[in-house]
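Chemist: These are the residues of each chain, in order.
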Amino acid sequence: MKIFSNKNFVAWYFVFPVAFIHLFVIGIPSLASLALCLTDWRGLGEINYIGFENFIELFDDRYLKKAIINNVIWTIAFLTVPVGIALTCAYLLTGIKRGQMFFRLAFFFPYMLASVINCQIWKYLFHPIHGLGGFFERIGWDLLAVSPFTMKSTSLFAVAFVDGWHFWGFLVVIYLTGMYQVDNHLYEAADIEGATKFQKFRYITLPMIRPVFVFSIMIIIIWSVPVFDYVYILTGGGPAYSSEVIANYMYSQAFERFDVGYSSAIGTLMFFYVMIIVALFGLFRKAGWDI
Amino acid sequence: MIRTLISFVSVIILSTSFSALAKTKVTWSMESNADRDPIMIEKLQNAYNNSQGNYELVIEFEDNETRLTSMRTAMIGGMGPDIVETPGPSYVKEYHAAGMLENLDSYAAEFGWKDKMIPWAYSSGVFEGSLYAIPKTHESMVMLYNKTLFEENNWKVPTTLEELEDVAGKIKAKGMNVFSYGSDGWQPTHEHLVGIYLNNYAGPQAVYEAIIGEREWTDPVFVEALELLKKHMVDEGYWSGSLENYYAIGWDDFHAQFANRGAAMMTIGTWTFQATQLGIGASDDEWGWAPLPSLSSQSPDPNFMIAIGTTMSVNANGKNKDGAIDVLNWIMSNKDKVLDIAKDFEFGEMVVPLTLSSSDIPTDIAPQVQDYLSEYARITGEGNYGYCTWTFWPADPGVHIWKDMEVVWAGDISVEDFLYDHQKMWDKARKNGDTLPVPLRN
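Protein chains in written order, with my numbering: chain A, 29 to 319; chain B, 152 to 593.
None of these hints come from the bench; they were simulated from the model.
Please note that a few of the clues may not be correct.
Taking lysine to any residue pairs in the SDA-like style, the calculated list, with each CA pair at most 25 angstroms apart, reads [as the list claims (entries may be wrong)]:
id, chain 1, residue 1, chain 2, residue 2
1, B, K575, A, F80
2, B, K579, A, D89
3, A, K93, B, P339
4, B, K323, A, E165
5, A, K93, A, E74
6, B, K579, A, Y91
7, B, K579, A, F80
8, B, K323, A, L172
9, B, K582, A, V240
10, B, K579, A, L66
11, B, K323, A, T67
12, B, K579, A, L72
13, A, K94, B, A561
14, A, K93, B, V566
15, B, K325, A, A173
16, B, K381, A, V100
17, B, K472, A, L72
18, B, K582, A, L120
19, B, K323, A, I167
20, B, K575, A, E74
21, A, K93, B, N468
22, B, K582, A, K228
23, A, K94, B, V566
24, B, K176, B, N468
25, A, K94, B, Q574
26, B, K579, A, G316
27, B, K321, A, R166
28, B, K494, B, D436
Treat the numbers as computed from the prediction; the structure is a model and nothing was measured.
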């Protein structure tokens, strides 16, 4: 019994309630989902074990392949555009002494809005009748006549743009926080050496905010796997699966086709993918990376 | 005086409370709709509750998507509402297969439900020989047109493919869209169009044969039907001007487009009658309706596609099965009350498929709707009816027909490949016993 009054054990008392809730809300459903991927369950009624049939079907599913490719494109897009813009803006903001708070708030504002509201704003802006297209048509310009959400060639990028617009302000804030931690003496020394603004960014700021930067890269890669809400609201994965992503496809299998077993198999695939990413970052940390 | 008043109020409160306590509650989970809910409360819930002293009907309204998920979860857990409302037979099939619905055979026999209903509608709720669901609403697809506009331009309402393509050319020449319609907010809208082309090009008989497995979906007649739809949708932009605009336009927009002469016609289900009456019906233009045109010699006669919009069943694990049966029987036995509700929606909702005579049709509804109800009864009564996908297609092929149609329209796969996949899904559904009841064809 002494162990329970041990000083080292006290922390567990605080962790236990959260761990208990996690066990019921995440742990058990996740294990159930792992088990369901080997069945033909349709969400109701009998559950029949079918071995790896769902996984065999997975590898032959052209729309899942399309969704995986779209997720990869999505990840690359998010690793480049919002990161690039956020880094630049955060760095430029460090040089602004007056009115900085206004810009920080303005950039962060879309992140505070619910995804449904963000989506409705952009959907309305790109609407062929009520949006910018309709406005331009009325003044005689043939511009934005067709919504980019409804064109096969642009739908994925249009959705990624809206999600990126909402997300990049968050990156600005975390990069800015990292930049304020950098010792000012380093910049003063660089000034004496005659370093340019870019050189200071390249050789001081970027290496010094590396933990924050790598963290942002990690969360972008992980968050890009279950991306769902923006796709679901703006395009539903269409037209013609052009903006389909894995999570939306999984949802469709479970709640439109009632193929819960197959949907669980997709979920299992996503789970292992995320585990691999987390493991990779763990290995980098073990190898001495400062993350 | 004050003491008397307090005693009087107390007696009223107590008597009301006791009468409410004496009644056992019957719950009904119903799709929420801001316009419809007050009418359902007044003319269904309150009317039923006032009609008897045993049960208290409580309708719980919820957004349909959330409702279906939460009801499903509750029913898996052995709970859920007493009256189970679903969006169609494919859902009933799932619940029935899981043993979650009450067999209604004995009640149907006791109360004579079969004789009160349109035969095909009754059989849509029969699974493995027993009744498990009663349609709450039956519906069809029609073609609406701007009658004033057609008269001004001396256009003929099309009844054949040639006439349709001819008038479409004239409408486009005037700078208008041929049809007002779009899928924004409801992707399954595509299946309305697919159903029209399958039934009105290949013909209801061919569709029936494919449903019962006597004809393959890869049959050239279905390929031609969907090629024609692709031509009209993608090449001609019949619906809202282009495929992209069709994807971008939703319910309010396409009604507005039809009302303000942005389009001359609209292909839509009869659930729209109320919205049409409130839209173009409130403008200076008069609207008309017609059966969808025949698109080939294989489907020469006008037909109406038959469909079930929503169904009512009794939860096998419900707390008050007797009460649920009593509510269903009240609906089946009070034609005048049901018609009074349907009247408020211009027969777009709560159109319980009870057998009606011409004298039953209310006279205080839009004349177009009166006319439609008579024609629908006459034409379907002659056996000229087709099949809507959301009533007769099993879940998997049912989703395929609308979800993957976009891939065909995008040119990513051919119509032949699409129908090859479709046939495979039907084969699988047939093998698993997932096919849905279909009325025998004469």
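Chemist: Taking only the CA atoms, is the gap from B/K323 to A/I167 under or equal to 25 angstroms?
Modeler: holds (22 angstroms)
Chemist: Taken at face value, is the distance from the CA of B/N468 to the CA of A/K93 at most 25 angstroms?
Modeler: Status violated; Cα separation ~41 angstroms.
Chemist: Does the alpha-carbon distance linking B/K582 and A/V240 stay inside the 25 angstroms limit?
Modeler: violated (55 angstroms)
Chemist: Is the hinted pair B/K321 and A/R166 satisfied, with a Cα-Cα distance of at most 25 angstroms?
Modeler: holds (24 angstroms)
Chemist: Do the alpha carbons of B/K582 and A/L120 lie within 25 angstroms of each other, as the hint requires?
Modeler: Distance of about 65 angstroms is beyond 25 angstroms: violated.
Chemist: Does B/K325 pair with A/A173 here, judged by a C-alpha cut-off of 25 angstroms?
Modeler: holds (20 angstroms)
Chemist: Next pair to validate is B/K176 with B/N468; report whether the Cα-Cα distance is within 25 angstroms.
Modeler: The given pair, whose Cα atoms are some 15 angstroms apart, holds under the 25 angstroms limit.
Chemist: Tell me if the straight-line CA distance from B/K323 to A/T67 falls inside 25 angstroms.
Modeler: violated (53 angstroms)
Chemist: Within a Cα-Cα threshold of 25 angstroms, do A/K93 and B/V566 meet the stated pairing?
Modeler: holds (21 angstroms)
Chemist: Can the restraint linking B/K579 and A/L72 be considered satisfied, given a maximum Cα separation of 25 angstroms?
Modeler: holds (18 angstroms)
Chemist: Is the hinted pair A/K93 and B/P339 satisfied, with a Cα-Cα distance of at most 25 angstroms?
Modeler: holds (23 angstroms)
Chemist: Quick one, are B/K472 and A/L72 close enough, alpha carbons at most 25 angstroms?
Modeler: holds (21 angstroms)
Against the hints set out earlier in the document, violations occur for numbers 5, 9, 11, 16, 18, 21, 22, 26.
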